Amino acid sequence: MTLGKIIELLNCQIISGAVDLQLDIKSAKASDLMSDVLTYSGPGKLLMTGLTNIQVIRTCDIAGICVVIFVRGKKPLIETVELAKTCKIAILATRLSMFEACGMLYSNGLKGVTITAPAQ
Amino acid sequence: MSTVAVLSQTFNIKGGDFVNAGEPACKIRNILREIGINANVIRRVAIAAYEAEMNVVMYARQGEIRLKITPHKILLEIEDTGQGIEDITLAMQPGYSTATEEMREMGFGAGMGLPNIKKNSDIFNIHSTHGKGTRLKLTFKLNGKTKK
Ligand SMILES: Nc1ncnc2c1ncn2[C@@H]1O[C@H](COP(=O)(O)OP(=O)(O)OP(=O)(O)O)[C@@H](O)[C@H]1O
Ligand SMILES: [Mg+2]
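Heads up: the sequence lines are chains A and B, in that order. The letter at position 12 of the first sequence is residue 12 when you use full-length UniProt numbering, and the numbering goes up by one with no holes. The letter at position 54 of the second sequence is residue 54 when you use full-length UniProt numbering, and the numbering goes up by one with no holes.
In case anyone wonders, no lab produced these hints; they're calculated from the structure. Don't take each hint at face value.
[Unchecked claim] Straight-line alpha carbon distances no greater than 30 Å define the calculated DSSO-like cross-link-like pairs of lysine-lysine that follow:
id	chain 1	residue 1	chain 2	residue 2
1	B	Lys137	B	Lys68
2	A	Lys111	A	Lys85
3	B	Lys27	A	Lys88
4	A	Lys75	B	Lys137
5	B	Lys132	B	Lys27
6	A	Lys26	B	Lys27
7	B	Lys132	A	Lys85
8	B	Lys119	A	Lys29
9	A	Lys75	B	Lys27
In this text, all values refer to a predicted model and were calculated from it rather than measured experimentally.
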C-alpha cells in the first residue's frame, strides 16, 4: 500500500518529514511498547502508536521504521519532531483511535507481521 | 571476506537521561554502516546495544558501552554502576520488569529487553553484583553461521 493511500484512509495530518506519497509500505505494526517495536523487522515499515515522546523516534530509528503515525489526534513534543527530522523519519497524526486506524488499514489490504513469541 | 581493521570505541551512558538515551546505539550503528558490515548483523547489534543502553538509563546511575570490532566479530560490553540484578534468572524471563510507572508511560517496561538482547547476540554473557552493577558481554559473529 502506498503511503499516499494510507494518509487518505486515515485522513492523516503530516507533522513533519519529506513524505513520499509513492513509498510502498509493506506492513504495519501498532504498539505502545518499545521492546515490542524492536522485534518488528522487515522492509517498508510503519508504526502506529499512542506514545509521542522522543524515545519512540529513537526506537523506530533503531528498528528501521521510516513512518510513524500518532493515533487519537495526539501531538508530539517538539523534541520528538526535531529528532524525527534528524533521523529522516516521517511523522503523521490521525484522529482515529488505534483500533479504528488498524482496522481501516487491515481491511484495505495492509498486513501485519507475524511474530513468534519466545518459548517460555 | 573483506578485512576490517580493528576498531574500538567507548560511549558514556548517563542514568536517567531519557533525552539522549539511544544516541550511542545510533552512533554504533552508523560506524558499522560506514565500514560496510552486513545489514542483518547491524540490525542485531543496534537492537542489543539500544536495549542494553536503555537498561543502564533506567536502572543505573552511570555506565558505558564499549564497542570492539575485529575481523571476525563485533564485541559489545555494557557496564554500569547501578543497583545490580538480584536474580538474573528472573530478570531474563520475558515479561519480568521492575520499571516504574513513569518508564512505562514512555513505552518501556515490557520486560522484553534482556530476552531481546539474548535473542539478537551470538554469545550472551551477563554478570551482576547486587548493589554494585551489571556487565553484559555480547558477541556477534561476522562470518560463518549467524543468527537471522
Ligand atoms: N543494568 C541493569 N541494572 C539493574 N537492573 C537491571 C538492569 N538491566 C535489567 N535490570 C532488571 O531486569 C529487569 C528486566 O530487564 P528487561 O530489559 O528484560 O526489561 P525492562 O527493562 O523492565 O523492560 P523493557 O526492556 O521491555 O522496556 C528490569 O526490569 C530490571 O529490574
Ligand atoms: Mg529493558
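How the hints compare with the structure:
With a CA separation close to 11 Å, the supplied pair Lys137/B and Lys68/B stays within the 30 Å bound. For the suggested pair Lys111/A and Lys85/A, the alpha carbons sit about 27 Å apart, so the restraint of at most 30 Å is met. Note on Lys27/B and Lys88/A: the hinted pairing holds, with a Cα-Cα distance of about 15 Å set against a maximum of 30 Å. Distance restraint check for Lys75/A and Lys137/B: the Cα-Cα separation of roughly 39 Å exceeds the 30 Å cut-off, and the hinted pair is therefore not satisfied.
For the hint linking Lys132/B to Lys27/B, the alpha-carbon distance of about 27 Å falls within 30 Å, and the restraint holds. With a CA separation close to 27 Å, the supplied pair Lys26/A and Lys27/B stays within the 30 Å bound. With a CA separation close to 39 Å, the supplied pair Lys132/B and Lys85/A exceeds the 30 Å bound. For the hint linking Lys119/B to Lys29/A, the alpha-carbon distance of about 20 Å falls within 30 Å, and the restraint holds.
Taking the CA atoms of Lys75/A and Lys27/B, the gap is near 28 Å; set against the 30 Å cutoff, the hint holds.
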